[in-house]
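Chemist: Chains as they are written, first to last, in my numbering: chain A, 8 to 347; chain B, 8 to 347; chain C, 426 to 944; chain D, 6 to 298.
These are computed hints drawn from the structure, not numbers from a lab.
One or more hints might be untrue.
Calculated cross-link-like contacts (lysine-lysine; reagent style DSBU-like; alpha-carbon spacing at most 30 angstroms) [unchecked claim]:
1) C:Lys-553 / B:Lys-289
2) C:Lys-828 / B:Lys-289
3) D:Lys-162 / D:Lys-242
4) C:Lys-777 / B:Lys-144
5) D:Lys-265 / D:Lys-290
6) B:Lys-144 / C:Lys-828
7) C:Lys-668 / C:Lys-441
Cβ-Cβ distance ranges computed for the label pairs, FRET-style [stated by the list, open to error]:
8) A:Ser-110 / C:Ser-801: 38 to 46 angstroms
9) A:Val-103 / D:Leu-169: 35 to 43 angstroms
10) D:Ala-40 / A:Tyr-186: 42 to 50 angstroms
11) C:Ser-801 / A:Gln-109: 45 to 53 angstroms
12) A:Ser-110 / D:Phe-293: 25 to 33 angstroms
Glycine included, each C-beta is placed from N, C-alpha and C at the ideal position.
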Amino acid sequence: MSRPDNKALPATTGSRVPFHIDFKAIGPFVALIVLFVLGTAINEAFLSSGNLSNIFTRSSFIGIIAVGATFVITAGGIDLSVGSMAAFIAGAMIMVMNGLVQSIGPGVETVLIGIGVSIVLGIGAGAINGLVSTRGKIEAFIVTLGTMGLYRSLVTYMADGGTLSLDFGVRGTYRPVYYGDVLGIPMPVLVFLGVAIIGYVLLNMTPFGRKCFAIGSNEQVALYSAINVDRVKTLTYIIQGLCVSIATIIYVPRLGSASSSTGVLWELEAIAAVIIGGTMLKGGYGRIWGTVVGALMLTTIGNILNLTDAISNYLNGAVQGLIIIVAVFLQRGDWRRKKN
Amino acid sequence: MSRPDNKALPATTGSRVPFHIDFKAIGPFVALIVLFVLGTAINEAFLSSGNLSNIFTRSSFIGIIAVGATFVITAGGIDLSVGSMAAFIAGAMIMVMNGLVQSIGPGVETVLIGIGVSIVLGIGAGAINGLVSTRGKIEAFIVTLGTMGLYRSLVTYMADGGTLSLDFGVRGTYRPVYYGDVLGIPMPVLVFLGVAIIGYVLLNMTPFGRKCFAIGSNEQVALYSAINVDRVKTLTYIIQGLCVSIATIIYVPRLGSASSSTGVLWELEAIAAVIIGGTMLKGGYGRIWGTVVGALMLTTIGNILNLTDAISNYLNGAVQGLIIIVAVFLQRGDWRRKKN
Amino acid sequence: MTDPAVSLTGVGQTRKLRLSGQDICKSFGPAQVLHDVSIGLYSGEVHALLGENGAGKSTLVKILSGYHQPTSGQLVLDGHKTGFANSDAGEKAGVILIHQELNLAEQLTVEENIFLGREMTRGWFLDKVAMRSQARSLLDRLQCDISPETRIRDLSVSDRQMVEIAKALSKNADILILDEPTAVLTGREVDILFGLIRRLRAQGVAILYISHKLDEIKAIADMVTVLRDGRHVATHAVADISKDDMARLMVGRDIAQMFPDRVADEQAPVVLSVRNLSVPGMVHDASFDLRKGEVLGFAGIVGAGRTALMEAIIGLRPQSGGTIARNGSDVAIASLSDAKKYGIAYLTKDRKGRGLLLNMDMRPNLTLLALEKFGSPLISRKAEEDALEKAIAAFDIRAADSKTRVGDFSGGNQQKLLLAKVMETDPDIVIIDEPTRGIDIGTKSQIYHFIGDLTAQGKSVILLSSEMPEMLGLSDRIAVMAAGRITGILSGDDRNEHEIMRYATGISDKNGASPYEPS
Amino acid sequence: ADKIKIGVSIPAATHGWAGGLNWHAQEAEKDLEKAYPNLDFIIATAKNPTEQANDLEDLVSVQNIDGLVILPFESDPLTIPVQQVKEAGKFITVVDRGLSQPGIEDIYVAGNNSALGEQAGEYLKKRLDGKGKIVVLRGLPTTVDDERVEAFNASIKDSDIEVLDMKYANWNRDDGYEVMQDFLSRFPEIDAVWAQDDDIALGVIEAIKQADRTDEMFVVGGGGMKDIIKRVKDGDKLTPIDVLYPPAMIATAMGLTALKFETKAAVEGRYILGATTVTPENADKFYFPDSPY
Ligand SMILES: Nc1ncnc2c1ncn2[C@@H]1O[C@H](COP(=O)(O)OP(=O)(O)OP(=O)(O)O)[C@@H](O)[C@H]1O
Ligand SMILES: Nc1ncnc2c1ncn2[C@@H]1O[C@H](COP(=O)(O)OP(=O)(O)OP(=O)(O)O)[C@@H](O)[C@H]1O
Ligand SMILES: [Mg+2]
Ligand SMILES: [Mg+2]
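Kindly produce the complete structure, drawing on both the sequences and the hints.
Modeler: See below:
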């Protein structure tokens, strides 16, 4: 359709305001910085390299899981099973590796096989969540509530109610995966960074990510845009499973154990990190960097509370809750509008 | 294309099949009946009046809370704080009543004042959730995650890390509220029934209920229909708070105590009951009777697991999870379509 | 800018100026979409508002009814300066707007939507009986036979529009504004609506009517105001102005020939052949051929099953029995991606519900259907932006800026974006369902020529339309459906309104006895 | 003839110690049912006091038990429910946590949480010569935790031991690790750690190792988890002792109850288990490699 006089129109596209700051995007970072200032004010030790490294390392577990959750939630789903899934995978890894010590010894092969098992289980568990909810047309909330109970039970059963502990030999081999560092950056942080970057690229720069946005935003439109909605949704759960598996791989060498209390409430923390980061719970909009910052914020709040005894221990939860609400309020930036 | 003789055509819309059974509406009931049959098969004592009365009585707590959650979820919100809120209200009630024993003794007045405190706190806590999320424009998930931590902390603080116990004198006065019955129907069941009926009427037969549906279905449309969206949403949280308060009123005489472990994970159970009952997690469609049945189903599953010791206790959670998934699958009735 | 209250004489002499907007300006962020527009609405008068897509019509009427606040300018109601803080205030003052885009809660029923926010009650309770019967009588006034208990999501778009009209009626408007109400209505429904508008006019209601259909404006309006690029161009009595004049005022130039000149080759090879295709409960035993370079129209009454048939062909609906052949060989199409693979694309008529992601901007919408074209494994942002630039030029999409949510686009520009989106797959066969819904006359002509260009490139088009001129002006052959069956395929001189109606109503049926005649 | 049914109501295996409890209960069930074929034990596990009250109802109404062995989640909330079981004419054995009202139970196998805190306090005092800086990692805010901490505080009160801070670690290994990490960043000088439970202690140990401060301090745990006992046995300098709080007490209680039904002997009464201090010398006696705890 050619239109000769189109040129005469004022250019309506591509006009961008220079130096426009997108408050929505930087909001989480601002909130994180405020937290850091608060931490430093409370205790100088907060800024010590050891403490910072602890915060980042600790955030890695929840952070990696939350990167996966960002996909699920962006595509309009939810996964409540991640915490139990992590416990189950950790338990299975430990059992397999302990079993292998007899036959092939506590060497690198054993650890590699353990890691392989973790990945297979993570993908499998994710696929189950995805397939049962899409094929069975059952709400993801129900399906993953069910598998949450399932995996929690399985790990309890495998550990006979107690704790599964990794063989000491294997622990030595495996140890660097958690305790090691490259150029001073702890391994878990590197892995977290890697997962976040890959997640970012996948969500924002590939057709798959685009499809996640589309499905979460309007499933009908996605369907009419030749998107295999069921497949993409299932894939988001598989990505979630894979992320849980990766988180577990770096978790296991830390304490070398798994029990029924491993990963309890991680699902809530992961979802909270995602939502704090600005992803919409109803789907259609997701932000990996927000999620990363969300995970860091949650860890930092916990850390700050441990650095002071000004607050009664009983009230930790209250302070934590209030800080989360205030941080989200600040970062959403709605208070700024009032001034206009 | 104008067509005068349109009436001659078979009507393509609005045609109704006579005697059409709405599987979606009866689905939860069918699933519940299946569970009852299963229970009876496992142990005849399941059908004993004592056991049935236990099941119904127990469902009352979660059921009453879930009726409130039906409003919140129908209007597109979510409330994660109900479990801690219940613990906090229970704690406050106990402290107030214990305090009153000195001055006015352990009589009916003391209990009534305790109940009044509960109702005021419930409404207040609901109002806080509602106002902070609507006025502050913060996701309900975050706000109620925050208040969840807050109330949990407060009850821990009030109990000084331990347990708050109701004065034994007051306990005697208060006892019939839980253990009493009218014409053989236990008090909690009567209260549950009353709350459910009022909830049903409110949701389905009043303008307010209709507004909840509209807001959950499409907030923009609701706004354009001169509905005060913020007010209606806040009211749903207040109703939720009131329901928590009522549940707490019948809970306190049962165990006569409150501690930091009271009501843990009730929020998950309440939301699960709502979703199992057929209410949509994304809002716009809610069903009180479904919720009632959902709560009964959850309790029944727990009860059935106690009927047999064929299953390792470690695997309780797994069986529970699987039954929930299967029950929801059956009741959604999607498997029926395949046959057409 | 002239004061409309003074300048308007003639028809309006004995009538009262009810509501006027004076020197209205409106900006969204940096983009100004209305510049000093004035308009006056008189009781007992139908005032038409005309303008290209994106001219600012919807924005203006939203300001008049309180949905938007003007950046500057003044509303005057019955001689008093006024301002509506929100739509509620507007409605209280008797100003009712029927939106261009449907505003219904999909999960709720017809009755629930009609009375949303104004439920009738007895005591504390809903008076469902009264609401139902009133809903029934409102729908009866519109000769619309849907049940008040049907959920909106189960209704066709035209029925939804009728519900919107019923909802507006229930509010007893003094000043009624209709924003393109007929874009999704069938001819019969338009007639009903016009009857209604005439009655309301006789009762002294002031009516503002927006449409891109100049015939309608000629038929129903007393006055017409033309906007162009957010500016007031002219206000005339309709009797004083011809359709061509209106078009010229609107577009700012002469509209060339409306339809392209095309000659289809009747011997061209068959590119798509459908045999005995059925869709359970919706389509029965449909067979037709589509030739290279041809425009095959599909006519029929709403609900005849045209959309269902097309959705089955492209794999969005389960087909039961029947075959589809592409270029002579049978193909299995189980999903839209299969259809895409075989070079078939489909443009839905439900642009809001199925066509576009309203909360996103143009770029992701444009490329969604053909994502793989824009790079793998990574989407090339540059390729996307190039495509967007091309599409904006090719389809004349006008948006304030490229970051605007598609949901904030004017209706016509949404439609153009949807067309651009479908064309990104570079299909050989395009199935277009109501392509010019809500499109202004100038752009319409462009779309027709665009379809002509497609066939000239050897592509084939299936056209589903409820606009008879469009159907007749573009189609080489016309398949007519009635009650789920193809009752005839008309070509040559048979392609006329009369014949089409006979087949569409089932009076004639080439494929066996008419289902409506006693056998 | 119908078997005699004995209900066993215990907390679910949600942390290490409770896991050990579950394991011992199941082992005891197997052993006792083999030894006394006319007995049937039915174990019900609960995740919170409310659930435990439900379980009691079910044990009575559908399982129709003759006797009940219960380790109450918490004392106060379960007093009334247990009383109701008693009123239904059942034989009651209470383990570990006493009920709030006296006279309900027939047998009381009492754990001694205060002794656990006290033993740990006494050891620290002796080992540190009555002065030094310590940190404490508590469990969850419950009565059990309170009793332990109160006794601990009382026992070090007359010394110059400074408690730098106390934080909850929720009887969870991960939390123990993280809280200890933060203590380590916060306090440049720590002489000893009291972790109120061995699960927490294991997390603490990893954190100390990671910070490379193993030579500076030692850890006193509690419970008697096999991993810690093994360390004590091996003479690990980081874990010189452990204070026992054996989950096997459930087996004792079940055994006593079985005896009551089998022998008609008068087994009523209180059996108080002390909190034994495990040292490298006696560790062998308390090391059960097959137990999950
Ligand atoms: N909320 C909004 N935010 C930003 N831009 C908007 C918004 N609403 C409308 N616009 C812009 O204002 C301009 C006028 O839109 P409007 O809907 O009034 O056009 P219209 O004349 O009704 O066109 P159509 O015939 O296509 O319906 C368009 O460029 C549109 O993109
Ligand atoms: N109750 C319903 N549930 C789901 N989809 C529906 C329902 N009613 C109609 N649709 C779908 O909505 C779309 C539009 O409906 P419409 O009645 O206009 O189409 P149709 O029956 O194919 O007739 P037409 O010949 O007018 O295209 C079609 O895809 C139709 O199948
Ligand atoms: Mg418009
Ligand atoms: Mg047994």
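Chemist: Give a verdict on every hint.
Modeler: Hints, one by one, checked against the model:
{"no.": "1", "hint": "C:Lys-553 / B:Lys-289", "in the structure": "holds (26 angstroms)"}
{"no.": "2", "hint": "C:Lys-828 / B:Lys-289", "in the structure": "holds (27 angstroms)"}
{"no.": "3", "hint": "D:Lys-162 / D:Lys-242", "in the structure": "holds (26 angstroms)"}
{"no.": "4", "hint": "C:Lys-777 / B:Lys-144", "in the structure": "holds (26 angstroms)"}
{"no.": "5", "hint": "D:Lys-265 / D:Lys-290", "in the structure": "holds (28 angstroms)"}
{"no.": "6", "hint": "B:Lys-144 / C:Lys-828", "in the structure": "holds (23 angstroms)"}
{"no.": "7", "hint": "C:Lys-668 / C:Lys-441", "in the structure": "holds (27 angstroms)"}
{"no.": "8", "hint": "A:Ser-110 / C:Ser-801: 38 to 46 angstroms", "in the structure": "holds (43 angstroms)"}
{"no.": "9", "hint": "A:Val-103 / D:Leu-169: 35 to 43 angstroms", "in the structure": "holds (41 angstroms)"}
{"no.": "10", "hint": "D:Ala-40 / A:Tyr-186: 42 to 50 angstroms", "in the structure": "holds (49 angstroms)"}
{"no.": "11", "hint": "C:Ser-801 / A:Gln-109: 45 to 53 angstroms", "in the structure": "holds (46 angstroms)"}
{"no.": "12", "hint": "A:Ser-110 / D:Phe-293: 25 to 33 angstroms", "in the structure": "holds (26 angstroms)"}
The structure is consistent with each of the numbered hints, conforming to all of them.
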